[in-house]
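Visitor: Protein sequences, first through last, are from chains A and B.
In this text, residue positions in the first sequence follow this note's numbering: the first is 209, and each later residue adds one.
In this text, residue positions in the second sequence follow this note's numbering: the first is 1247, and each later residue adds one.
Hints were generated in silico from the structure; no laboratory data involved.
Backbone N, C-alpha and C define an ideal beta-carbon position, used for all residues, glycine too.
One thing to keep in mind: the hints can contain errors.
Ranges between beta-carbon positions, derived for each pair [claimed, not checked]:
#  : chain 1 : residue 1 : chain 2 : residue 2 : range
1  : B       : Ser1253   : A       : Leu232    : 26 to 34 Å
2  : A       : Lys246    : B       : Leu1349   : 14 to 22 Å
3  : B       : Val1299   : A       : Ala336    : 24 to 32 Å
4  : A       : Ile333    : B       : Asn1340   : 58 to 66 Å
5  : A       : Ser263    : B       : Leu1279   : 35 to 43 Å
6  : A       : Gly297    : B       : Ile1255   : 44 to 52 Å
7  : A       : Ala387    : B       : Trp1275   : 39 to 47 Å
8  : A       : Ser278    : B       : Gly1281   : 23 to 31 Å
9  : B       : Ala1268   : A       : Gly339    : 22 to 30 Å
10 : B       : Ala1341   : A       : Asp332    : 53 to 61 Å
11 : B       : Asn1340   : A       : Ser263    : 41 to 49 Å
12 : A       : Pro312    : B       : Trp1257   : 32 to 40 Å
13 : A       : Arg402    : B       : Leu1349   : 50 to 58 Å
14 : A       : Trp249    : B       : Thr1409   : 53 to 61 Å
So you can see what is in the structure, the chains are spelled out below.
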Amino acid sequence: MNSERRLLGALLLPAAVVFLAFFLLPLAHLFLIGGSGKSGWSAYGAVLTEARYLSSLVSTVILATVTTVSTLLISGVAGVFLSRHRFRGREVLTALLTLPLAFPGVVIGFMVIMLAGRQGLIPDITDALVGERVVFAYSMAGLFMGYLYFSIPRTILTVMAAAEKLDPRIEEAARSLGAGPFRVVSDVIVPALRPALMAAGAICFATAMGAFGTAFTLATKINVLPMVIYTEFTLQANVAMAAALSFILGAITWAVLALARTFTGNAVAAAG
Amino acid sequence: MKTARRSSIFWLLLAFTLTVCAFLVVPVWMSMLAGVTQNYFAGWRAGLTLDWVVKVWTDYRHTIFMSVQVALACLACTLVLGVPAAYVLAKRNNALTRTLEELLVMPVAVPGLATALALIVTYGGFGDLRKSWVFILIGHVLFTLPFMVRSVLAVMASIDLKTLEEGARSLGASFTQRFFGIVLPTVDQASLQDR
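If we strip away everything but chain A, and leave its shape as in the complex, we get:
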């Protein structure tokens, strides 16, 4: 048995070494650098005390929350619909809905510009309707749209997978006992999908908190934490503050995902 233990240890070693050297050590280093600036360890407190950082933290959290709720609503409805009904073209529709799954953040930023940028489709439509070009790609609203674009395909897949496993007989039983469609949704379908929804929601939240490519493509002036970190690091050369902010951003995101995991078991990372 002892030799088997050694064997298993040897199999695990490469992954463990890479992980230690390129993730845990750098993160620990990042934490130390965060406290090594002019203001010392109070850099970590500056996120709450300095208005500039606090406002970007608050707007990032709000953006992430709104994105998560909207994504869950949209994908929940569409996902349950697709898994409950069989109709011609359903497979094509599902395939189209999951088309953007492989797009990186920068491409998603480009898609938002296509829709709501200066030459975009939505300004064209509003121009025709009310005679004014409504351009919002380069603002918080554009970023919100980008994160929606990113999260909807993933969440629809998760919801569909979970809804397929639901037993339709439970719904029928509820209906036969006189429950209306809304009662069935709120008392049967939503509770049954809760683990999947929480898992997918946590991923949405984490993405909207930390995704950088989309924000970077749209505008560097959007006041979200990842952009503030980028500005501190490259333009202000304030490495310590950038490190402290990154560490805090990482800690918040990790905590949200860990919290979701304790509620849902192991589903969160698998949903990614």
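Starting from the known structure of chain A, arrange chain B on it as the hints suggest.
Guide: Frame of chain A; chain B shown alone:
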């Protein structure tokens, strides 16, 4: 599943789903169209051309190859590192392996920006590493390894690896034979799907 007559709720939900689909697909279509339009600001009526596609190929060919190179190298690394690790995690379920599993998914939970900054401040001054494509590879491996370990682990958990392996062992198969004869064939589909 449903009877021939669709309720009005069905059509409402179908319209909703189609709208969501349009939101996702229309910009893709628009950007493809923009890619073959002579002058984007004049719209597609100005004429279509393949000039841009040719330009991408002549100017950015090396960038595309570089991306493919990084992706393939990343796949190789995650396979070599991830499959053995997942095997150990599947075999042993104790406090240590659970902690390791928890740690391994951290790069997904922590935003890439924080990981990237941590790597830069730690290894950025390390010779020419920062200018090298290996530096990018390291970041990608960190981020994709958890997915590889996770999906391989899920398959291993679902196929009752223990019984298969014990059967092979009772027939005299060595560890190497077992690993390459049973473990790898059962998980190869999962690990390839993961990419």
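Visitor: Hint by hint, note whether the structure agrees.
Guide: Hint by hint, here is what the structure shows:
1. Ser1253/B / Leu232/A: 26 to 34 Å: violated, 55 Å
2. Lys246/A / Leu1349/B: 14 to 22 Å: For Lys246/A and Leu1349/B the Cβ distance comes to about 33 Å; the hint is violated.
3. Val1299/B / Ala336/A: 24 to 32 Å: About 31 Å separates the Cβ atoms of Val1299/B and Ala336/A, which means 24 to 32 Å holds.
4. Ile333/A / Asn1340/B: 58 to 66 Å: Because 59 Å falls inside the window, the suggested range holds.
5. Ser263/A / Leu1279/B: 35 to 43 Å: holds, 39 Å
6. Gly297/A / Ile1255/B: 44 to 52 Å: violated, 18 Å
7. Ala387/A / Trp1275/B: 39 to 47 Å: Because 41 Å falls inside the window, the suggested range holds.
8. Ser278/A / Gly1281/B: 23 to 31 Å: holds, 30 Å
9. Ala1268/B / Gly339/A: 22 to 30 Å: Taking Cβ atoms as reference, Ala1268/B and Gly339/A lie about 24 Å apart, which means the hint holds.
10. Ala1341/B / Asp332/A: 53 to 61 Å: holds, 59 Å
11. Asn1340/B / Ser263/A: 41 to 49 Å: holds, 46 Å
12. Pro312/A / Trp1257/B: 32 to 40 Å: Check passed, 36 Å falls within 32 to 40 Å.
13. Arg402/A / Leu1349/B: 50 to 58 Å: The hinted range 50 to 58 Å is violated for Arg402/A and Leu1349/B, with Cβ atoms some 27 Å apart.
14. Trp249/A / Thr1409/B: 53 to 61 Å: holds, 54 Å
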